[in-house]
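*Asks:* Assemble chain G onto chain R, guided by the hints.
This is what each chain is made of:
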Amino acid sequence: MAVITVLEAIREAMREEMRNDDRVFIMGEDIGARGGVFLATEGFLSEFGEERIIDTPLAESSIAGIALGAAMSGLRPIAEIEFADFIWPTINQIVGEAAKVRYGTEGKLNAPMVLRAPQGGGVRGALYHSQSVEAIFAHTPGLKVVTPSTPYDAKGLLKSSIRDDDPVIFLEHKRTYRLVKGEVPDQEYTIPLGKADVKKLGEDISIITYGLMVHHCLEAAQMASLKNISVEVLDLRTVRPLDVESIINTVKKTGKTLIVYEDNQALGIGSEVSALISQHAFEYLDAPVIRLGGPEVPAMPFSPPLENMFMIDAEKISTAIKELAEY
Amino acid sequence: METNLKIQDELLLKMYKEMVLCRTLDERIWMLNRQGKAAIMASSQGHEAGQIGSVAALRKGYDQCYIYYRDLAVLLTLGLTPAEIIKGFVAKEGEPLSGARQFPTHGAHPEYGVINLSNVIATHIPQAVGAALTAKMKKEDRVIVAYFGDGASSAGDCHEAMNFAAIHKLPIIFFCENNGYAISVPLSKQMAVANVAARAEGYGMPGIEIDGCDILAVYETTVEAVAKARAGLGPTLIEANVERYLPHTSDDDDSIYRSSQEIEEAKKRDPLRLLREQLLERKILDLKEDKHIHESAKEIVNKATEEAENAPYPETTDFFKHVYAE
Numbered sequence: 066m067a068v069i070t071v072l073e074a075i076r077e078a079m080r081e082e083m084r085n086d087d088r089v090f091i092m093g094e095d096i097g098a099r100g101g102v103f104l105a106t107e108g109f110l111s112e113f114g115e116e117r118i119i120d121t122p123l124a125e126s127s128i129a130g131i132a133l134g135a136a137m138s139g140l141r142p143i144a145e146i147e148f149a150d151f152i153w154p155t156i157n158q159i160v161g162e163a164a165k166v167r168y169g170t171e172g173k174l175n176a177p178m179v180l181r182a183p184q185g186g187g188v189r190g191a192l193y194h195s196q197s198v199e200a201i202f203a204h205t206p207g208l209k210v211v212t213p214s215t216p217y218d219a220k221g222l223l224k225s226s227i228r229d230d231d232p233v234i235f236l237e238h239k240r241t242y243r244l245v246k247g248e249v250p251d252q253e254y255t256i257p258l259g260k261a262d263v264k265k266l267g268e269d270i271s272i273i274t275y276g277l278m279v280h281h282c283l284e285a286a287q288m289a290s291l292k293n294i295s296v297e298v299l300d301l302r303t304v305r306p307l308d309v310e311s312i313i314n315t316v317k318k319t320g321k322t323l324i325v326y327e328d329n330q331a332l333g334i335g336s337e338v339s340a341l342i343s344q345h346a347f348e349y350l351d352a353p354v355i356r357l358g359g360p361e362v363p364a365m366p367f368s369p370p371l372e373n374m375f376m377i378d379a380e381k382i383s384t385a386i387k388e389l390a391e392y
Numbered sequence: 512m513e514t515n516l517k518i519q520d521e522l523l524l525k526m527y528k529e530m531v532l533c534r535t536l537d538e539r540i541w542m543l544n545r546q547g548k549a550a551i552m553a554s555s556q557g558h559e560a561g562q563i564g565s566v567a568a569l570r571k572g573y574d575q576c577y578i579y580y581r582d583l584a585v586l587l588t589l590g591l592t593p594a595e596i597i598k599g600f601v602a603k604e605g606e607p608l609s610g611a612r613q614f615p616t617h618g619a620h621p622e623y624g625v626i627n628l629s630n631v632i633a634t635h636i637p638q639a640v641g642a643a644l645t646a647k648m649k650k651e652d653r654v655i656v657a658y659f660g661d662g663a664s665s666a667g668d669c670h671e672a673m674n675f676a677a678i679h680k681l682p683i684i685f686f687c688e689n690n691g692y693a694i695s696v697p698l699s700k701q702m703a704v705a706n707v708a709a710r711a712e713g714y715g716m717p718g719i720e721i722d723g724c725d726i727l728a729v730y731e732t733t734v735e736a737v738a739k740a741r742a743g744l745g746p747t748l749i750e751a752n753v754e755r756y757l758p759h760t761s762d763d764d765d766s767i768y769r770s771s772q773e774i775e776e777a778k779k780r781d782p783l784r785l786l787r788e789q790l791l792e793r794k795i796l797d798l799k800e801d802k803h804i805h806e807s808a809k810e811i812v813n814k815a816t817e818e819a820e821n822a823p824y825p826e827t828t829d830f831f832k833h834v835y836a837e
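Here the protein sequences line up with chains R and G, keeping their order.
Residues 66 to 392 (my numbering) are what the first sequence spells out, left to right.
Residues 512 to 837 (my numbering) are what the second sequence spells out, left to right.
Everything labelled a hint here was simulated from the structure, so no lab data went into it.
Please note that a few of the clues may not be correct.
To be verified - Chain G regions said to be covered by chain R (calculated; three or more residues, Cβ under 8 Å): (1) 610-620; (2) 630-641.
Said to hold, decoys possible - If you want a taste of the chain G side facing chain R, the calculated C-beta under 8 Å gives, among others: (3) I518; (4) Q519; (5) H805.
Here the structure is a predicted model, which means the values were calculated and not measured.
Note that beta-carbon positions come from the ideal geometry of N, C-alpha and C, so glycine has one too.
One chain only, chain R, in its complex shape (with noise of 0.2 Å):
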């Protein structure tokens, strides 16, 4: 097993697909010889050649609806959008059209396409450059949005979003890309769609997360064992559509529940995770869910003191990990 960022796995996921099928091609703003800001398609132009690597002009409504055209008619597009932040001119074509080919069409159409983009905060990118964007999607019956955490989950979840059949946003956080490493199997694999993963047991408290911030809760995780506090971590992997049924198994076990997420709170995708456990497993709470989510500005300012008032670390999640453990 190779030790590789989320990053590579990234890379390597798409390289595995384009060698394997010739319906998958990759269109994006840089994705060409500069081998996309991130480098996640690099060595790709020279590999695939211009035809399958797409250098597009910087129309983000195009890139999606483009794509949308090729996947109703037999290929499968991977759409990079360069930066989330820049997501928001395609939601006509994702939300408005992609989202709805199959039932408007009674199921003669479907949209098999991916749209990546690099997402969240922390890496001092300010207003344009953090954002969150799984929510607006997330929303939306006919698509799906997946938001791995780590190296092995990047790349058998991307793998397994490419083939499939219907739309899936694909969202990246951004500080995972080279910051997290993990192991990943030589041999090919993929992981589902709408199975979420429970990345550490515990007992006393429930953490239901996903992306960077399995990271954080993970830390926080270790944290609260030096004082007893026995922490599971079940990271979504998926937020459209969720796995309702593992949300509902730890809540069942632990009794106190902690949904942690980057996005805005309100209205958040931990919103409908707290609907979800209070419809399903009311009887089993031992104190209130406990959401902490961005806070109520629109997007994360630039300056260092400010930019960790947003973004949530392992210490806000101890603070309350310990008002839960307590209550």
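*Replies:* Leaving out everything else, chain G in the frame of chain R:
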């Protein structure tokens, strides 16, 4: 030369029959709306020569048409039956494009190569470019036609799509049916240039403005653009100047923004009348046959109306189907 003329005569007569049928069907659907039986209708009256003349230049069932809501004649000429079309307007079971989930004429019919996904203006133009990209990547000689109105030509998606198609020399025709109005907004408030075709130069592709009521001009221009696209020589923007004889839709009142004199003036170039006169003059058609063509169209539409009205509404059992792959 003589043979060519003979083929042309046959083609013109065939297109005339299609146009009569489409006009008869269109009038019937408008009536069904006024009777409270069809919830919404966007009439194609005045657009038919643009639509029928361009479809005639395509390989049916192989080339693909990304159409918009006013393209009744495209649907009819590509192969949908009047009964299937009316079923869409009365939202009945057996509607083939979306199972009556969508507005009439919306959805897809892959066998006929026709897609009308959305009500959001111009979103289909980049999608059509994506289909053209597929044709190029698969090395198929398929041609895509994106039909849109003058209103759509203002949308950002239209610009982005044309730019990309021209860069990659994709096999696509941008077919603008310019009727001079985006619902109520006249051309003078939509663009500062004289015509949509002029924009093509800015993308590096040919832009051709034609009389969209002259079906032969439409046909010949499209044939040339299709041949060019099929040969890998890139896209063409065709602007067909057509007329809109009825309000934007059955929910619109055009008397608020359009004078009756203007509409009467526009009717002087009614594509149906122009083609009829041409056929009579060239003795391709006589009055007796013309009468028969009209009666036959009426009969077809009567039968279709009856079939559609008698059809049941769709069951709700499949309401949750086709959200994701099953």
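*Asks:* Does each hint hold? Answer for all of them.
*Replies:* To see whether the hints hold, each was checked on the structure:
no.	hint	verdict
1	610-620	holds (count 7)
2	630-641	holds (count 8)
3	I518	violated, 32 Å
4	Q519	violated, 33 Å
5	H805	violated, 34 Å
Going down the numbered hints, you'll see the structure goes against 3, 4 and 5, while the others check out.
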